[in-house]
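Based on the provided sequences and hints, a complete structural model is requested.
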Amino acid sequence: MAQAPPIAGELLIERPPRWNDRRVGLTLGALVCALFALLAAIFAVVLVKAWPSFANNGLAWFGPGGSIDSQIEAIYTSGDLQLEPVWTFHAWPIIWSTILIVGGSVLLSLVVSLFTAVFIVEFAPGWMRAALAPVMRFLASVPSVIYGLLGVVVLVPFINDHVITQSARDSVSYVITLTGYSLLAGILILTVMIAPLMTAMFADGLRSVPKGWIEGALALGINRWRTTWKIGVRTARPAIVAGTVLASARGIGEAVMLAMVSGSIGFAPNPFDGWVFFVEPSRPLAPTIIKNADQMTSPQMTSTLFAIAAVLLLSAAMFSLAGWAAKQPMKKYGIRA
Amino acid sequence: MSATAPTKPPVRRRSAVDQSAAWRPLDRIGLAFCWFLGLFACALAAAIIIYLLVQGVRYLRLDMLFESPLGGVSEKDTGGLKDPILGTVLVAGLATVIALPTGVLMGIWLSEFGKPTALARAVESAVEATAGVPSIVLALFGVIIFSQPWAGFASREMAGGIIYGRSFIAAGSMLSIVALPLIIGSTREGLQSIPAHVREAAWAVGKTKWATIRRVLLPVVRPQIVTGTMLGLGRVIGDTAIIVLLLGATLRLEPGGGGGAIAETLRGTGSTLTSFVYIFAPTGDGNQPEKAYAAAAILLLMVLALNAVVEIVARRARRNSWNG
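So the protein lines, in turn, are chains E and U.
Counting from 13, one number per residue, gives the positions in the first sequence under the working numbering.
Counting from 620, one number per residue, gives the positions in the second sequence under the working numbering.
FYI, nobody ran anything at the bench for these hints, they're computed from the structure.
Be aware that one or more of the hints could be misleading.
[Claimed, not checked] Listed below are several chain E residues computed to face chain U (Cβ distance under 8 Å; list not exhaustive):
hint, residue
1, I54
2, R149
3, S156
4, L325
[Stated by the list, open to error] Chain E is faced by these chain U residues, among others (derived, beta-carbon under 7 Å):
hint, residue
5, S634
6, P644
7, D646
8, L656
[Unchecked claim] According to the in silico footprint, chain U covers these stretches of chain E (three or more CB under 8 Å from chain U):
hint, region
9, 139-145
10, 194-205
11, 231-239
12, 255-265
13, 309-323
14, 332-340
Built from N, CA and C at the ideal position, the CB exists for glycine as well.
Okay, structure coming up:
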């Protein structure tokens with residue numbers, strides 16, 4: 013039977029589109045919800061794998077005691093040779109090192125970034141502003157392994173030759189050998205890495221300060237420097253807090269560069285050594301994972317590494333959420349930051 | 620007539636340095652510090668580029684680009700950089716293939732659909748949280764996920780049915796998570812900066828919402844999507860932690876077996892420029908700084924090229940932006 017010829021009117025009626033808006037909305041919504049699934053999976057896997065290490069050590073996990081490098085050695089051997097499982101792990105030296113390096117570089121880059129952002133937004137002449145934008149973007153995008161390489165071949169030998177004196181070497185020679193791989197190297201290079209991020213966020217905050225407020229202060233005869241600091245920087249405070257917190261999250265997760273320049277020794281630098289403290293080697297949390305990642309054949313070691321990862325993940329997540337929350341007040345001025 | 624014409628305000632604002640003559644000393648010191656920091660940043664960037672390029676020119680020979688690395692102990696017998704370069708390209712391509720469509724679609728949902736509002740807010744913070752996950756944690760997560768029995772398609776199978784869990788597929792998919800937030804963010808920002816009347820005009824001529832997005836909005840935000848992708852790519856090719864843990868740390872591309880040549884390579888292990896630099900740096904197992912310089916110089920050139928694309932796209936976008 014021949015098909016009925018199409019009626020002219022029917023040709024004009026369009027087929028309803030296969031991707032109608034409702035279906036698109038639902039499909040994309042489902043895709044977005046997959047992001048929650050991914051995050052939940054990351055947290056679940058990390059916490060479940062980490063649990064044995066925390067459970068066997070209790071709160072002592074975070075405390076000091078013993079040499080961390082020999083503890084790692086014992087944990088690895090016990091799992092690899094399937095001996096009696098060893099779990100003892102006291103992470104204080106690597107936690108202390110993380111606090112010192114990340115804290116130090118965040119403090120340093122807070123000052124540096126604040127002045128740089130003020131300069132870019134308020135005081136730099138046009139040509140300088142045009143040059144600084146790509147420079148900052150470049151400094152933020154240099155891979156961490158390149159910073160690590162430059163640190164190892166330039167900064168570390170410099171510290172070893174010109175900063176560390178013989179008397180400093182002798183004063184701590186009974187506990188640690190000073191080689192130039194140090195807190196100072198880690199702090200300085202991490203500052204170069206996170207300061208551009210902070211500067212970008214601070215500058216966004218400063219730019220979004222309502223012009224009228226600045227002009228009002230200028231009209232009262234206050235000079236531009238004072239106006240910027242008293243009005244601009246104060247108004248941009250939420251952006252400054254957010255930028256600082258987000259940069260700390262980035263610093264905590266930095267593994268490769270710090271694995272290269274921090275010295276990779278499970279040693280807790282001692283503030284009572286005076287200025288020598290800054291040139292003592294150590295090893296933060298994230299580099300510990302990367303240095304021992306080839307030991308995951310041992311189940312105990314795997315769990316210990318995941319315990320370190322859990323600490324990193326929870327603190328980084330806390331920092332990112334805090335940063336996100338700190339940004340919210342800026343919206344009140346109608347600013348998307 | 621000309622006497623009553625409104626006088627124009629002075630075009631040139633006096634520079635801060637000129638103005639500062641009347642400031643208090645402390646304020647002037649602050650301004651000087653600002654100048655110092657700005658010049659220091661420029662000098663630092665220039666120093667990094669010049670130092671690495673000079674070292675690269677010293678140690679990079681053209682034939683190194685076509686030779687595979689060797690496990691030798693001196694500069695002569697460690698071979699070339701072919702496999703790390705191929706590895707970098709492969710990993711970057713894989714991560715983009717996964718992250719670009721996903722990120723753009725998620726950005727579209729956030730900007731154009733975003734209902735219910737509570738879900739949209741939750742998604743926004745989830746994106747922030749994803750961006751905050753350290754890449755070393757992602758790497759460990761990937762090792763566990765890809766050594767599950769059901770992930771056998773992604774990597775080599777070892778003796779005794781153990782899934783190795785390290786391959787280009789594993790590394791590429793974890794790196795796509797690194798790039799994802801940047802692509803989502805820039806897509807969303809781009810879409811939100813399009814005025815509402817553009818959408819309304821499209822709806823008024825009978826386009827559906829989806830057709831409006833595809834035919835009207837997406838072509839407009841293409842520069843922002845390119846920018847986001849380039850920023851994401853920069854993070855991907857610069858990432859070392861995920862590569863060191865998830866790419867198997869073999870210097871050469873080692874095929875993973877099963878299927879055609881492409882599938883074998885993707886299931887196999889290898890190295891990228893970043894892991895090559897990490898291994899051959901004085902602190903690594905290889906300890907051949909000359910090789911590390913050569914690889915670092917190529918990596919830096921790639922980063923510079925990505926930055927240049929971002930810069931060009933940003934300039935062009937500024938020229939034809941909605942706000943004139």
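Now the hints, each set against the structure:
Annotation: I54 of chain E was flagged as interfacial toward chain U, and the flag holds, the nearest CB pair being 5 Å apart, inside 8 Å. Annotation: interface hint on R149 of chain E holds; nearest CB of chain U at approximately 6 Å, less than 8 Å. Taking 8 Å as the C-beta contact cut-off toward chain U, the hint placing S156 of chain E at the interface holds, the least distance being around 6 Å. For L325 of chain E, the interface hint holds, the least distance from its beta-carbon to any beta-carbon of chain U being 5 Å, beneath 8 Å.
At a threshold of 7 Å, the smallest CB-CB gap from S634 of chain U to chain E is about 6 Å, leaving the interface hint in force. This hint is violated: P644 of chain U has a C-beta 11 Å from the nearest C-beta of chain E, more than the 7 Å allowed. Because the beta carbon of D646 of chain U sits about 4 Å from the nearest beta carbon in chain E, less than 7 Å, this interface hint is met. A hinted interface residue such as L656 of chain U counts as satisfied when its beta carbon comes closer than 7 Å to some beta carbon of chain E; here the least separation is about 5 Å, so the hint holds.
Evaluation of the coverage hint for the region 139-145 of chain E: fulfilled, as 3 residues show C-beta separations to chain U shorter than 8 Å, against a requirement of three. Check on the region 194-205 of chain E: 1 of its residues sit with their Cβ under 8 Å from a Cβ of chain U, so the three-residue criterion for coverage is violated. Counting residues of the region 231-239 of chain E whose CB lies closer than 8 Å to any CB of chain U gives 4, which reaches the minimum of 3, so the coverage claim holds. For the region 255-265 of chain E, the proposed coverage by chain U is satisfied: 4 residues have a C-beta within less than 8 Å of a C-beta in that chain, meeting the threshold of three.
Restraint check on the region 309-323 of chain E versus chain U: 3 residues with Cβ-Cβ distances below 8 Å, three needed, restraint holds. Residues of the region 332-340 of chain E with a Cβ under 8 Å from some Cβ of chain U number 4, which satisfies the need for three, so the listed coverage holds.
Hints 6, 10, counting from the list given before, are not met by this structure.
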